[in-house]
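Enquirer: What follows is each chain in one-letter form.
There are 2 protein chains.
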Amino acid sequence: MFEKVALIGVGLIGSSLSHAMRRANLARTIAASARTEATRAAVRRLGLADEVYEHAADAVKGADLVILCTPVGTFDALAQEIAPHLKDGAILSDAGSVKQAVVDAVAPHLPPHVHFIPGHPIAGTEFSGPESGFAELFDGRWTILTPLPDADEAAVAKLKAFWEACGAHVEIMEPKHHDLVLAITSHLPHLIAYNIVGTVADLEEEKKSEVIKFSASGFRDFTRIAASDPTMWRDIFINNKEAVLEILGRFTEDLAAMQRHIRWGEGDKLFDKFTRTRAVRRSIIDAGQESPEPNFGRTPAPKKD
Amino acid sequence: MFEKVALIGVGLIGSSLSHAMRRANLARTIAASARTEATRAAVRRLGLADEVYEHAADAVKGADLVILCTPVGTFDALAQEIAPHLKDGAILSDAGSVKQAVVDAVAPHLPPHVHFIPGHPIAGTEFSGPESGFAELFDGRWTILTPLPDADEAAVAKLKAFWEACGAHVEIMEPKHHDLVLAITSHLPHLIAYNIVGTVADLEEEKKSEVIKFSASGFRDFTRIAASDPTMWRDIFINNKEAVLEILGRFTEDLAAMQRHIRWGEGDKLFDKFTRTRAVRRSIIDAGQESPEPNFGRTPAPKKD
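These protein sequence lines map, in sequence, to chains H and V. With full-length UniProt numbering applied, the first sequence corresponds to residues 1 to 305, in that order. With full-length UniProt numbering applied, the second sequence corresponds to residues 1 to 305, in that order.
Wrong hints could be hidden among the right ones.
All copies of an identical chain are treated as equivalent in the list; a pair is satisfied when it fits inside any one copy or across any two copies.
Computed cross-link-like contacts, SDA-like style, restricted to lysine to any residue with a CA-CA straight-line distance of at most 20 Å [as the list claims (entries may be wrong)]:
| id | residue 1 | residue 2 |
| --- | --- | --- |
| 1 | Lys241 | Asp272 |
| 2 | Lys269 | Gly73 |
| 3 | Lys241 | Thr252 |
| 4 | Lys207 | Pro175 |
| 5 | Lys213 | Ile172 |
| 6 | Lys208 | Glu174 |
| 7 | Lys269 | Pro71 |
| 8 | Lys269 | Thr74 |
| 9 | Lys207 | Arg276 |
| 10 | Lys213 | Pro292 |
| 11 | Lys213 | Gly167 |
| 12 | Lys160 | Arg23 |
| 13 | Lys241 | Arg263 |
| 14 | Lys213 | Ala287 |
| 15 | Lys241 | Asp268 |
| 16 | Lys208 | His177 |
| 17 | Lys241 | Lys269 |
| 18 | Lys213 | Gly288 |
| 19 | Lys87 | Asp76 |
| 20 | Lys207 | Ile172 |
| 21 | Lys213 | Leu203 |
| 22 | Lys213 | Val170 |
| 23 | Lys176 | Lys207 |
| 24 | Lys61 | Ala83 |
These aren't lab readings, by the way, just hints derived from the structure by calculation.
For reference, chain H alone in the conformation it holds in the complex (with noise of 0.2 Å):
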């Protein structure tokens, strides 16, 4: 599909776009940049990329399709690194988690023979690092496209293709509405599972072996997501302020809400969230985005008589 792509950043989102290339034998060639030595080692002994090299400039020279793998935070000094080295009629795009932030930092440095397409794969683990891709990771999970209003159709058809080629489905949005739906669905959950982890690491010793301990009863699965690169996570909340400060406001005003409902025993307005609550969950199982699965699989499932 491609001749040549460069990855800038082999973490788990470029380390899964190398194996899920491979898969589908999307590129002749793949370079890759990689600040660290550990991480080139690392992909040079993975056969993540045929190219590896420490400088973005360097990856992308000739790549017809170049993809930005690091946190979002980056973007504008690789932006204007990369720029002048873009080969006329690249597509440029990107794995970030926001969008807007990201047309803003990057849109203002390109020539215009470029055809910038931000995007954005709405899947992950945990995990972190250039070992933790796999070529299964984009299965069935949509990644979001947001052109800018001049953007060229077939650039934009190209890229999607590409995507649904790594087994992808695409949904084309505008870079704010991406956001915010994204703070709704992503950012806020990371922050209050990172602020409800964060709150027991300041416990004393004792108590929080105990938390350990017991942490079965719900607690350890706020601990995956609060288990996230750090750095990816810092430059989320950092460059989508507006809408995850007012999504965190809703949220806010409905637990002060929660919070009176149990001081006062108002155990019927409990029971009513409750009860709503669940039909979401149904609706996520029908659409596809979760398994049924009692506590995600980790436990069996009750035999069906």
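Position chain V against the provided structure of chain H, taking the given hints into account.
Expert: Chain V in isolation, oriented as in the chain H frame:
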């Protein structure tokens, strides 16, 4: 181990106890009571009990061990109902998720010839009802017993052996201490999950359907916890008010600080917090309380080289 065990209520815990007792041959006779005809029919169909009653008072007659497996809000009335019918020397226990409130509700009604030993199996799934149980639910999980200071040691030892035969590890604890630990590991996580899913349930239809579509980015994990039984959870929050409000206070303080870090772009502080939370998950996996698989095993793990 027992001639006759009576299960009062046959939901997830009651039905799992039946399966676990059958597996290890722990009771010659299992009696069960359930308020609704639908549950009683399911109990009969699934063979979960040898004797099935509408009223708890009938089920407990002649039982050596009685376990209350209904939501804790029912315990006061239940204790009054069964007290006159309990066998001399019977052990009365429960599976309620709070313990001090259970002591307060149950103990005053009991005759001195009954051994009351409150208990809490820390095991469950998001499913409820008699069909949701399975024999392995308690395997390798903790059950906490909170005997009163004057408890009969032989009776405590027997109940401990019973839970161990059901597959559980057993820990002895003060009721109030149990309630504080569980407020952190279980009650606050459920409150937060119910709250964030509730916030989404209140969104306009169009936005809500997008959240469901893209829920795999984190939100879906919360919906699992927020799909738990509403009656049970209403009763838990009402009956562990003090500990829940105390730990919720810490959580909201920390959340306000996090909100401020985001608003003022204090990336270093966010990064520090997000780094410390990773260590907590590592400890939980090391403690054998959690699977190390990515996404709880919902996605394939990377092949090791």
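Enquirer: Could you run down the list of hints and mark each one as holding or not?
Expert: We went through each hint and held it up to the structure:
| no. | hint | result |
| --- | --- | --- |
| 1 | Lys241 with Asp272 | between (32 Å within a copy, 18 Å between copies) |
| 2 | Lys269 with Gly73 | between (43 Å within a copy, 15 Å between copies) |
| 3 | Lys241 with Thr252 | both (16 Å within a copy, 19 Å between copies) |
| 4 | Lys207 with Pro175 | between (44 Å within a copy, 15 Å between copies) |
| 5 | Lys213 with Ile172 | between (45 Å within a copy, 14 Å between copies) |
| 6 | Lys208 with Glu174 | between (44 Å within a copy, 17 Å between copies) |
| 7 | Lys269 with Pro71 | between (42 Å within a copy, 17 Å between copies) |
| 8 | Lys269 with Thr74 | between (46 Å within a copy, 18 Å between copies) |
| 9 | Lys207 with Arg276 | between (33 Å within a copy, 17 Å between copies) |
| 10 | Lys213 with Pro292 | between (26 Å within a copy, 16 Å between copies) |
| 11 | Lys213 with Gly167 | between (39 Å within a copy, 17 Å between copies) |
| 12 | Lys160 with Arg23 | within (17 Å within a copy, 54 Å between copies) |
| 13 | Lys241 with Arg263 | between (32 Å within a copy, 7 Å between copies) |
| 14 | Lys213 with Ala287 | between (35 Å within a copy, 7 Å between copies) |
| 15 | Lys241 with Asp268 | between (35 Å within a copy, 15 Å between copies) |
| 16 | Lys208 with His177 | between (40 Å within a copy, 13 Å between copies) |
| 17 | Lys241 with Lys269 | between (32 Å within a copy, 15 Å between copies) |
| 18 | Lys213 with Gly288 | between (33 Å within a copy, 9 Å between copies) |
| 19 | Lys87 with Asp76 | within (19 Å within a copy, 76 Å between copies) |
| 20 | Lys207 with Ile172 | between (48 Å within a copy, 16 Å between copies) |
| 21 | Lys213 with Leu203 | within (14 Å within a copy, 37 Å between copies) |
| 22 | Lys213 with Val170 | between (42 Å within a copy, 12 Å between copies) |
| 23 | Lys176 with Lys207 | between (43 Å within a copy, 14 Å between copies) |
| 24 | Lys61 with Ala83 | within (10 Å within a copy, 83 Å between copies) |
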